[in-house]
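**Q** Read off the chains here:
There are 4 protein chains.
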Amino acid sequence: MIRASIVGGSGYTGGELLRLLLDHPQVEVAQVTSRSRLGEYVYQTHPNLRKRTQLQFCDPQTLQPCDVLFLALPHGQAQGEIDRYAALAERLIDLSADFRLRNAEAYQRWYGHPHAAPAWLERFVYGLPEFHRAELRTARYVSGVGCNATAANLALAPLVKAGLIEADAPVIVEIKVGSSEGGAEGNPGSHHPERSHVVRTFAPFGHRHTAEVIQECGLTNVKLTITSVELVRGALATAHVQTKSGVANKDLWRAYRAFANENPFIRLVKEQRGIYRVPEPKILAGSNYADIGFELDESTGQVVSICAIDNLMKGAAGSAVQCMNLMFGLEETLGLEFPGLHPV
Amino acid sequence: MIRASIVGGSGYTGGELLRLLLDHPQVEVAQVTSRSRLGEYVYQTHPNLRKRTQLQFCDPQTLQPCDVLFLALPHGQAQGEIDRYAALAERLIDLSADFRLRNAEAYQRWYGHPHAAPAWLERFVYGLPEFHRAELRTARYVSGVGCNATAANLALAPLVKAGLIEADAPVIVEIKVGSSEGGAEGNPGSHHPERSHVVRTFAPFGHRHTAEVIQECGLTNVKLTITSVELVRGALATAHVQTKSGVANKDLWRAYRAFANENPFIRLVKEQRGIYRVPEPKILAGSNYADIGFELDESTGQVVSICAIDNLMKGAAGSAVQCMNLMFGLEETLGLEFPGLHPV
Amino acid sequence: MIRASIVGGSGYTGGELLRLLLDHPQVEVAQVTSRSRLGEYVYQTHPNLRKRTQLQFCDPQTLQPCDVLFLALPHGQAQGEIDRYAALAERLIDLSADFRLRNAEAYQRWYGHPHAAPAWLERFVYGLPEFHRAELRTARYVSGVGCNATAANLALAPLVKAGLIEADAPVIVEIKVGSSEGGAEGNPGSHHPERSHVVRTFAPFGHRHTAEVIQECGLTNVKLTITSVELVRGALATAHVQTKSGVANKDLWRAYRAFANENPFIRLVKEQRGIYRVPEPKILAGSNYADIGFELDESTGQVVSICAIDNLMKGAAGSAVQCMNLMFGLEETLGLEFPGLHPV
Amino acid sequence: MIRASIVGGSGYTGGELLRLLLDHPQVEVAQVTSRSRLGEYVYQTHPNLRKRTQLQFCDPQTLQPCDVLFLALPHGQAQGEIDRYAALAERLIDLSADFRLRNAEAYQRWYGHPHAAPAWLERFVYGLPEFHRAELRTARYVSGVGCNATAANLALAPLVKAGLIEADAPVIVEIKVGSSEGGAEGNPGSHHPERSHVVRTFAPFGHRHTAEVIQECGLTNVKLTITSVELVRGALATAHVQTKSGVANKDLWRAYRAFANENPFIRLVKEQRGIYRVPEPKILAGSNYADIGFELDESTGQVVSICAIDNLMKGAAGSAVQCMNLMFGLEETLGLEFPGLHPV
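Chains as they are written, first to last, in our numbering: chain V, 919 to 1262; chain H, 919 to 1262; chain C, 919 to 1262; chain Y, 919 to 1262.
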């Protein structure tokens, strides 16, 4: 059994991670920390875990050595203490934004302050198995992924990997997101009467996750526009892309099918009939699947490429567990079998 | 023109009141106070009022005399300064819970502390026109109504007024409410991911609005149970009542029809076909109507009596404006004509 | 491995059953029938199952013998062909309402027509393990449960089993339900703009599931009132009950704790702090748990008893799989481990 | 008083039109037709109108001459009978798609069949006052507007009218829409459990409303992508546009301010603080306002331009009444004063 601990278990990502690890057949959860809820049962914060565990939140200062340490802290906190955390476990997965970018300069440009541990940046592998499976098998330090970045990266991956778009083509990715992306702490805009049924384009340009798309897809002209919609879990990326001259529908089918075949959690959704013809996040709540689809405008070569995920699963805790499986030589899908619900 | 001012205009009730008064053909809004948003345009808080008014929130200390003063403060604040407020206007309408009960002892029992101005209690008329129309025409001081109390009182009114139930019959009123009942200030439970899609019976017994039902209906054995549901505006009261022996369906029809005929904002909804056969709050958003309906179990004489309202309108600001119309000898429905939307 | 087949797999209950059986470690799904979707992949109807199974809907006439046959047909269809179905499998679980009542007369009274196979009624065990665990271990024929009946029965069970209420005490159960209770077929009232955000008391009296509460709890004076709310999955029963004279809070704690301890899927939720203090259906989506809670009004002995379930799980497919586990001598919780999500 | 009749009053657009005309101070509603609900009270279909009118749906064959005839029929029906309808009234407003395009060839290309009355196309004025105010004052025949087209046209209008973009610049407009856009007739995808909480990009390319954007904005390279979200009323268009070289932030402010100042129902929303900083459809339910906003990426000259509307108001019935006001020389805003609700 792998002994795993979680630092920062009271947030939404930490809670999902805990749920996944508690049910994982090869993992034993040792400790879960939370400064603000010290001594409380984890099920008082995550009520779905009642009758599943008697774990209580403990002080991060009492952390014991373990096999893998997950950091689920607010962005900016892990980088200051990375040496201490790394000393506690052979393997470490940090779900925050602190170690996603390989380049300290890019970090400063997008996050507005210098990185506190720039030497660590190159030791981390970006935690998206669909892009870094081989490296993850031998990695000791793995970053999390941005949820919006993941939706965008997986929407663009089939096109990029098959070489169907130019690196400098203008790419516009419209992302619609649920309220859990904002985390477990409330703010005036998350008060239910105000947040309910919004269609709120809060980030027309410049969202920080853009940096992860630029880095991972190698595209130089990508814009992300983020709009909040009425949904708790889920993100849908709709990417508008100009393909290279001569790209035909059959090339796209081949590229998307290949990407879905090579990756256990990627599904191609492109149906001619029925209700669910295109990727949709609602049926993915709790699932680690990323559903992808596309449409080509043959007269212009423009493609709309779509990816739906559960932001807390494939966009956060799910990908982290998938990475852990790879790092420990386990079946990639272990503990991630829940397929989602219908109807929901 | 009636010059009206509002004390406490940044909350939900204050905002709705402001919207109604701005469009009221016989009212001119003089001042709207808010300590926390001093100097800001009211439309920055109530975005629906953009391009409708350039009013700015002012300091309550700068209040000028006016014809009618509306108090929309958090509960407990009006009673301490009632003399000052009453000195500013010939007529005063307080929407808080401070002056709803006629009895200082009952106030202390339900609110847990002695009333700060008990002598004022008997000067106020309870602001529900369906119960006190005649007194309201000559009243100088009028209280607001509790939203849950209003849904319950209007569900029970036809039975009480027609004498179809005993005063000591056990009455259970289940009320389902939207999130705007909690007011404009957020709390951990109102954070969208937590509040979304709840069916949360947060008050099984002892809700303070019970006191208003006991007082107004004269029933001695009433219980209110309140459950939050996914809805911003709206409350539905479903009352379970044992009628007097011998009460038949035709007696109920007569009682409910009479109540609807005597009151311009009461509608009887009891259809055999179509989608909207029973009272429902969703179509009442923004409207001052209270829709009522009933069902009799002939074998036992039990009645389910239903009332739907918009908690911010008939359950708060709408009834207050209706009272103002009566106090000033205006048409009762003036400025309250918006019928609600379909679909919505 | 247990070979299981499902008759009627295109509805919501059939789909959930299929999801559970596909992931059940001791079950192999042999056939799933649907006349209307003959030959289609099951994932075209239940999109969560894409990449999980290549099963196609088959004709019910092609059914082969198997170890256990699940019937998930619209109410009224199983009773006419029960002999044929029973000949196909040693064990049979019918999720419709056809075999829930033990009494043909009661069936006719509540369903309005004579039962087509009254002799079969006594061969069935009512499929709620919390009421019939011992009989289910040896049962060959097991009925499903009504979702509203289950919420009501489990809300009342601790009181009934501990003898805290009289059999003829008046019991009012208010049940709030999601839209999936109406099944997979649309109707004018389920069209999204009309169904959205309803609080619609569509069944004030006389809901058919009442018969299951009378039968299982042995209470003679029970009323169910059903109200649709904005929710896809979930039901919350709030029962209003008068306890016997002298029943104190500690008696209730003992009764509820005992019921939760004796049953793996019952959880007692009664917290003094935090957001989730009372049972709520939203965190149960996909889970087989039934969360129960209570509140006593000490001055009168009235109790509000609450039960939250996922209507498609504990109220339908989940209880059916739980019964199957008991019938085959398996661990009762096998294949039902998904705890639900937070946030959701 | 203007005598107005409505052909096709049982749909959502017809219902909203009816609500507006019933409250319009200069209009008397003469007749409302519906073949499928002949003889029923209009409030049985539009429950918000209960106690507001005793009108009953009548047969279209019984239509009497009137001052203005509104056609709110399903697309394709008006063109076949336009001569008959035009003979009934001096002025006619058709809310369907039949007479929106000025060009029969374009109609055939986008709608897939030849127009039945091509000679009538040039007699109609496109019913968007922000584009055709002067012509509308003297028009006899006015078309309705597509709701998605309106959101897109008003998002692009400030840029187009101020000459800030090239006619052949690539323009991508992402539109998020509520379920009422699909009309009052249900379909499998509009069944509440399936439609609830979707983020469904059902039209990546080729939506018919594109033709209205090309026609009205004079742009040659416009793509509309439409995504359904959880919302009943409302549409948000987010347009991605490349501005001409040298366009600065102050040019955009000037253009958007001018457009808002010249048009009574256009509001510029671009705040630095508060919850409502950008245009959002949720606060527009029932209102005729179109809220617009923008953001410039100075390094590239790309603009995100946003417009929020209520699809049934500014995107349908509201604009039609606004046109009627202009056609009859009335105040443009008459009968359209409802500002929308907050919170909602």
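Please keep in mind that the hints were generated in silico from the structure rather than gathered at the bench.
Since this is a predicted model, take the numbers as computed values, not measurements.
Mixed in with the good hints, there may be bad ones.
The list treats identical chains as one, so a pair stands whether inside a single copy or across any two.
[Claimed, not checked] Derived pair list, reagent style DSS-like, types lysine-lysine, alpha-carbon separation capped at 27 Å:
1) Lys969 <-> Lys1168
2) Lys1162 <-> Lys969
3) Lys1079 <-> Lys969
4) Lys969 <-> Lys1188
5) Lys1079 <-> Lys1162
6) Lys1188 <-> Lys1168
7) Lys1162 <-> Lys1188
**Q** Given identical chains, is Lys1079 near Lys969, meaning Cα to Cα at most 27 Å, within a copy, between copies, both, or neither?
**A** Between copies, since 22 Å is at most 27 Å while 45 Å is not.
**Q** Regarding Lys969 and Lys1188, is the shortest C-alpha distance of 27 Å or less found within a copy, between copies, in both, or in neither?
**A** Between copies, since 13 Å is at most 27 Å while 40 Å is not.
**Q** Could you place Lys969 and Lys1168 in one of the four classes (within, between, both, neither) given a Cα distance threshold of 27 Å?
**A** Cα proximity of Lys969 and Lys1168: across copies only (22 Å, versus 51 Å in one copy).
**Q** Given a CA cutoff of 27 Å, do Lys1162 and Lys969 count as a within-copy pair, a between-copy pair, both, or neither?
**A** neither (55 Å within a copy, 31 Å between copies)
**Q** I want to check one pair: Lys1188 and Lys1168. Are their C-alpha atoms no more than 27 Å apart within a copy, between two copies, both, or neither?
**A** Within one copy only: 13 Å inside, 44 Å across.
**Q** Between the shortest in-copy and the shortest cross-copy C-alpha distance, which are at most 27 Å for Lys1162 and Lys1188: within, between, both, or neither?
**A** So Lys1162 and Lys1188 pass the 27 Å test inside one copy only (22 Å; across, 37 Å).
**Q** Check Lys1079 against Lys1162 for me: Cα-Cα at most 27 Å, and say if that holds within a copy, between copies, both or neither.
**A** within (13 Å within a copy, 33 Å between copies)
In summary, the one numbered hint that this structure violates is 2.
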